[in-house]
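Undergrad: Read in our numbering, the sequence shown has 10 at position 25, and its numbers run on one by one without any break.
None of these hints come from the bench; they were simulated from the model.
Since the structure is predicted, the reported quantities are computational estimates derived from the model, not experimental observations.
Cβ atoms here follow ideal geometry from the backbone N, Cα and C, with glycine treated the same way.
Heads up, a few of these hints could be off.
Claimed, not checked - Okay, the calculated beta carbon distance ranges per label pair: (1) Gln8 / Glu328: 48 to 56 angstroms; (2) Asp243 / Tyr172: 13 to 21 angstroms; (3) His171 / Ser238: 36 to 44 angstroms; (4) Glu93 / Glu328: 36 to 44 angstroms; (5) Ile22 / His171: 28 to 36 angstroms; (6) Arg46 / Lys99: 20 to 28 angstroms; (7) Asp82 / Asn117: 28 to 36 angstroms; (8) His171 / Ala282: 46 to 54 angstroms; (9) Ala282 / Ile334: 42 to 50 angstroms; (10) Gln8 / Lys300: 44 to 52 angstroms; (11) Ala36 / Glu328: 32 to 40 angstroms; (12) Lys277 / Lys97: 50 to 58 angstroms.
Claimed, not checked - Okay, derived cross-link-like pairs now, BS3-like style, lysine-lysine, Cα gap no bigger than 27 angstroms in a straight line: (13) Lys249 / Lys74; (14) Lys7 / Lys249; (15) Lys311 / Lys97; (16) Lys300 / Lys277; (17) Lys139 / Lys234; (18) Lys326 / Lys249; (19) Lys192 / Lys249; (20) Lys329 / Lys139; (21) Lys192 / Lys97; (22) Lys139 / Lys7; (23) Lys326 / Lys234; (24) Lys300 / Lys209; (25) Lys336 / Lys326; (26) Lys97 / Lys14; (27) Lys209 / Lys7; (28) Lys333 / Lys209; (29) Lys192 / Lys336; (30) Lys209 / Lys14; (31) Lys311 / Lys192; (32) Lys209 / Lys336; (33) Lys336 / Lys277; (34) Lys326 / Lys209.
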Amino acid sequence: MDHILITGGAGFVGANLAIYLKQRFPRVKISVLDNLIRRGSELNIPRLQDATIDFIRGDVRNREELLQLPAMDVIIDAAAEPSVLSGIKDGPQMLVDINFQGTLNCLELARKYKSDFIYLSTNRVYSYPLLNSLSFTENTTRFEYASGTPYFQKGIDENFDTSGLKSFYGASKLASESFIREYAHHYDFNAIINRCGVIAGPWQMGKVDQGFVALWVIAHYFGKSLQYLGYGGQGKQVRDVLHVDDLCKLISSQLSNDFPGECKTYNVGGTWTNSISLLELTGITENITGRKLDIGADEETRVVDMRIYYTDASKVQNDYQWQAEKTVEECVADTFNWINKNEKSLVKIFKH
């Protein structure tokens, strides 16, 4: 392995991953490609340069530009429009162009060079009406899958139904998954699909529709408003959280091992152990930041929202002897420390 390309490489996951892999594989050339559209992504450029990572200003939607890149052994496709609400209000064309056509262009690049391919997908490929139909209980601080169901304290595995409604975002990622399998089979290159849940940690530019852990810390730090959205406005909806460092460790392990002979799909997340409700997250954030907000409530549930989701990561844990190590508390603390250390450069992004 001589050269790795990471698309979306100046984003939250992409930049952290590039820097981690450069430390892990110092002799490997690592290049990142990014269009710098996401607010704050330009702040990652000095970090990447300090790590001797090649930055390419480019866009996965431009196939001709991609196909002019020099040969690489591995492509990690982390470029995406990551909002689950994307496309609902203004139509899905941009979402399809980035999340589907952009991945097709990356697959053409993999076909050209027979590059190994790692794709960062999403748990949003699963049907949210079906997820919301699962039996649950309501506790003091959270919703929980009902005891006695196969999902209680275990979560959702790779065999859960992907038919049915899933949002434009989820549909675009699932379509990409299908093409990855076809490309890998017909053009004889290796591929892995990682269906990620909530990822958190330093350098995440959190906003209402994506990156809620960072959003919570940012709001507490800068005194911004927050709301519990949906499900009665109580903040009891639950997600599992994975620290970006743990995701980087997994991908490093996937690169260090022989790729599977067939394209494999993994659910990747913090699991029930690292699951948390918004209400519980508020308490943790208050403790770590030392600041308290009056959080509003919007009782109306958005059409694509999920009451509960946490990951059954048994398959990836068994195949790579991997598991999430960092807690939700560490995600919050690391994010708080990052903001505190970089407040001067971040205030112009978040204080508005």
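Undergrad: Determine for every hint whether it applies to the structure shown.
TA: We went through each hint and held it up to the structure:
1. Gln8 / Glu328: 48 to 56 angstroms: 26 angstroms, violated
2. Asp243 / Tyr172: 13 to 21 angstroms: 19 angstroms Cβ-Cβ, so the 13 to 21 angstroms window holds.
3. His171 / Ser238: 36 to 44 angstroms: Given a distance of about 27 angstroms, which is not inside 36 to 44 angstroms, the answer is violated.
4. Glu93 / Glu328: 36 to 44 angstroms: 42 angstroms, holds
5. Ile22 / His171: 28 to 36 angstroms: 32 angstroms, holds
6. Arg46 / Lys99: 20 to 28 angstroms: 23 angstroms, holds
7. Asp82 / Asn117: 28 to 36 angstroms: 29 angstroms, holds
8. His171 / Ala282: 46 to 54 angstroms: 51 angstroms, holds
9. Ala282 / Ile334: 42 to 50 angstroms: At 27 angstroms between Cβs, range violated.
10. Gln8 / Lys300: 44 to 52 angstroms: Since the Cβ atoms of Gln8 and Lys300 sit about 27 angstroms apart, the hinted range of 44 to 52 angstroms is violated.
11. Ala36 / Glu328: 32 to 40 angstroms: Check failed, 23 angstroms falls outside 32 to 40 angstroms.
12. Lys277 / Lys97: 50 to 58 angstroms: The hint (50 to 58 angstroms, Cβ to Cβ) holds, given that Lys277 and Lys97 are roughly 54 angstroms apart.
13. Lys249 / Lys74: 34 angstroms, violated
14. Lys7 / Lys249: The hint holds at about 25 angstroms.
15. Lys311 / Lys97: 38 angstroms, violated
16. Lys300 / Lys277: 39 angstroms, violated
17. Lys139 / Lys234: 22 angstroms, holds
18. Lys326 / Lys249: 39 angstroms, violated
19. Lys192 / Lys249: Measuring from Cα to Cα gives roughly 31 angstroms; hence the hint is violated.
20. Lys329 / Lys139: 42 angstroms, violated
21. Lys192 / Lys97: The given pair, whose Cα atoms are some 37 angstroms apart, is violated under the 27 angstroms limit.
22. Lys139 / Lys7: 34 angstroms, violated
23. Lys326 / Lys234: Since the Cα atoms of Lys326 and Lys234 sit roughly 24 angstroms apart, the hinted pair holds (cutoff 27 angstroms).
24. Lys300 / Lys209: Between Lys300 and Lys209 the Cα gap is close to 40 angstroms, so the pair fails against 27 angstroms, i.e. violated.
25. Lys336 / Lys326: Satisfied, since the Cα-Cα distance of roughly 16 angstroms is no more than 27 angstroms.
26. Lys97 / Lys14: 19 angstroms, holds
27. Lys209 / Lys7: Since the Cα atoms of Lys209 and Lys7 sit roughly 36 angstroms apart, the hinted pair is violated (cutoff 27 angstroms).
28. Lys333 / Lys209: Holds, because 13 angstroms separates the two Cα atoms, which is no more than 27 angstroms.
29. Lys192 / Lys336: 12 angstroms, holds
30. Lys209 / Lys14: Violated - the C-alpha atoms of Lys14 and Lys209 are around 41 angstroms apart, more than 27 angstroms.
31. Lys311 / Lys192: Holds - the C-alpha atoms of Lys192 and Lys311 are around 22 angstroms apart, at most 27 angstroms.
32. Lys209 / Lys336: 8 angstroms, holds
33. Lys336 / Lys277: Cα-Cα ~17 angstroms, so holds.
34. Lys326 / Lys209: 19 angstroms, holds
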